[in-house]
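Visitor: Work the whole structure out from these sequences, hints included.
Listed in order, the protein sequences are those of chains A and V.
Residue numbering for the first sequence follows full-length UniProt numbering, starting at 1 and increasing by one per position.
Residue numbering for the second sequence follows full-length UniProt numbering, starting at 1 and increasing by one per position.
Keep in mind that the hints are not guaranteed to be accurate.
[As the list claims (entries may be wrong)] One-sided excerpt, in silico: chain V residues whose CB lies under 10 Å from chain A: (1) L19; (2) L23; (3) S24; (4) Y39; (5) M42; (6) V92; (7) W132; (8) M144; (9) H288.
[Unchecked claim] Result set (SDA-like, lysine to any residue): computed pairs, CA atoms no more than 25 Å apart in a straight line: (10) V:K149 with A:G30; (11) V:K149 with A:K248; (12) V:K279 with V:E246; (13) V:K149 with A:L36; (14) V:K149 with V:K279; (15) A:K248 with V:E246; (16) V:K149 with A:D145.
To be clear, the hints were calculated from the coordinates, so they are not data collected in a lab.
These numbers were taken from a predicted model, which means no experiment stands behind them.
Ideal Cβ placement from N, Cα and C applies to all residues, glycine included.
2 protein chains.
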Amino acid sequence: MCGVVPRPLDCAAMRPDLLRRVLSLLPGEGEGRPELRAYAAMLRDYPQRGGKGIRSELLLASAGAHGVAPESPRWERALWLAAALELFQNWVLIHDDIEDDSEERRGRPALHRLHGVPVAINVGDALHAYMWAAVHRAAVPGAMDEFLKMIHRTAEGQHLDLSWVERREWNLREADYLEMVQLKTAYYTVVVPLRLGALAAGCPPHDGFTAAGLALGAAFQIRDDVLNLTGDASRYGKEIGGDLLEGKRTLITLHWLGGAPEDQREAFLEQMRRERVNKDPQVVDQIHRWLLEGGSVAYAQEYAAGQAREGLTHLEDALRDAADREAVAELLTQMHTLATREA
Amino acid sequence: MCGVVPRPLDCAAMRPDLLRRVLSLLPGEGEGRPELRAYAAMLRDYPQRGGKGIRSELLLASAGAHGVAPESPRWERALWLAAALELFQNWVLIHDDIEDDSEERRGRPALHRLHGVPVAINVGDALHAYMWAAVHRAAVPGAMDEFLKMIHRTAEGQHLDLSWVERREWNLREADYLEMVQLKTAYYTVVVPLRLGALAAGCPPHDGFTAAGLALGAAFQIRDDVLNLTGDASRYGKEIGGDLLEGKRTLITLHWLGGAPEDQREAFLEQMRRERVNKDPQVVDQIHRWLLEGGSVAYAQEYAAGQAREGLTHLEDALRDAADREAVAELLTQMHTLATREA
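Guide: And the structure:
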């Protein structure tokens, strides 16, 4: 009784049904005074830019593996939770883009670059509340606690990252980086979607989802860090090398710092002490090449592959008793694709 | 069977029991790695600075008027909703202070001035989620919808205000200002606290709370605008004249602009086109005096008094059938104090 419609996790955009649900919760663009019509358009902007829908697909695949059939009442609930995850992703991205002073998001200027920081903070806050409207609508017991835990872990990871940037802290070990990405990325990308899928099916989430999700989430983020240096901008949706301009800590930079010649290390730290606008593009390009040539990108890729293998083993184990074997196989394939993605 | 302990709404700080509840939801400062201990301290900072507890007192007074006795199970639920309102106030203030680039909050530097904008945005987001934890804990049917509505209206009002600042828009009527403060202030300060008190008592909120709360909330905000120009900094908790430096629209400035001599009007608009740091303190001081001398502060005070009278009439009407007459009388007295406050 397989319920899920197989759908690759690296699909181009969130499914249209989910986007419709997300937009149905938001105010329409045709109502009220001009300022509030503009505000409604800002709320709808990021969701309409077409995120990849990775977390929502994972949640739906987990619901399927736990025996939820499409068109069933539980599938309807899972779809609202999936819409809530998409709203989470979107409000977090609006605020992240301000915090990192990113220029682009999904191929267009970041929201605060279009409308200013104050307006964009407020739009992100409102979208955060609309996320809770979707959680409320799903009416899945236990889901609210999952969303609370997810936001808390993500904010803690974000705090580690931001406080390191704020204090120009580069005296970090790879374990520090791993703790940060587990908090910042792994909970909302893998651990919680897996758990929400189970809850939507009315099943208690398997404890093993945490170990599985932490490893797979780390693999996912390290792949993202690699793609930020090596990817194709048109598929990746963000500027290539943006992490360097934003001074982000990655496994790649920390590994490279551990073995870099003193003069290269000094040049790197000198650029990282500067604000983004004051960085020297030529030196940053040179650093970019050092990271690629020094073997640190290859090291990170290998590390991510190890985390992916470890996570998949945990996940297979946690899904041993799940209801729908065909859907479980599909989920494992999707997770493998996600953790080793090329865009 | 009056349950409420009479307590003035202009009391110095939120009641200790509420602060304990708020802090009990937040991570402790003694756990985890140093960065996360610092993060926990940031989450606890604004609540511990001692807000006036106006909205939570109003909610509890409304619960009392609807027959909720202290120490009853419903009182416990009302206290969690009150804690959630305090958390709402605190996360909104963190983000407001960034949006307005305020220097101070409750007599100390604003959070982003202590830790930078990126960290402060993230702390506000986390506190937003802890607010939902308090709502969840209260387990009062209908409360989640009230909080959703409250955030949406507040964000819409904030958007009007911020978009006017962003576009240097001063071509506004008094009705525009009123619409803005009704959305931005009245819902979370009066309308929703009154309604939540009823819901905590298990009663459907009276429709009249909306008209009452909109008028009383407008009165409250206009008083706040007046105090920003005339108040005592030590009691007011923010810098006097800060609204002028931040370029806020108020009933006072809009009224004054309508009748100001052309040269004064030009001097005003010229300063308002400047960023805060580029404003000329001497000219701003001169504008401050014009506002006081030209009768616009007196006009706003009179307007606020009219709104307060109108709101109290609506409120009396809406509470005609409320359970506890003594508590109703207390609530009306507290509302009167709030809408005509001197600090």
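Visitor: All the hints need checking, so say for each whether the structure fits it.
Guide: Results for each hint:
1. L19: At 20 Å from the nearest chain A Cβ, V:L19 fails the 10 Å test, so the hint is violated.
2. L23: Given a least distance of 15 Å, the restraint on V:L23 is violated.
3. S24: 15 Å, violated
4. Y39: 4 Å, holds
5. M42: 8 Å, holds
6. V92: 8 Å, holds
7. W132: With a minimum Cβ separation of about 6 Å from chain A (threshold 10 Å), the hint on V:W132 holds.
8. M144: Holds. Min distance 5 Å.
9. H288: This interface hint is violated because 24 Å lies over the 10 Å limit.
10. V:K149 with A:G30: 20 Å, holds
11. V:K149 with A:K248: This hinted pair is violated, its Cα atoms lying about 37 Å apart.
12. V:K279 with V:E246: Holds, at about 10 Å.
13. V:K149 with A:L36: Since the Cα atoms of V:K149 and A:L36 sit roughly 16 Å apart, the hinted pair holds (cutoff 25 Å).
14. V:K149 with V:K279: The hint is violated at about 37 Å.
15. A:K248 with V:E246: With Cα atoms ~32 Å apart, A:K248 and V:E246 exceed 25 Å; violated.
16. V:K149 with A:D145: 21 Å, holds
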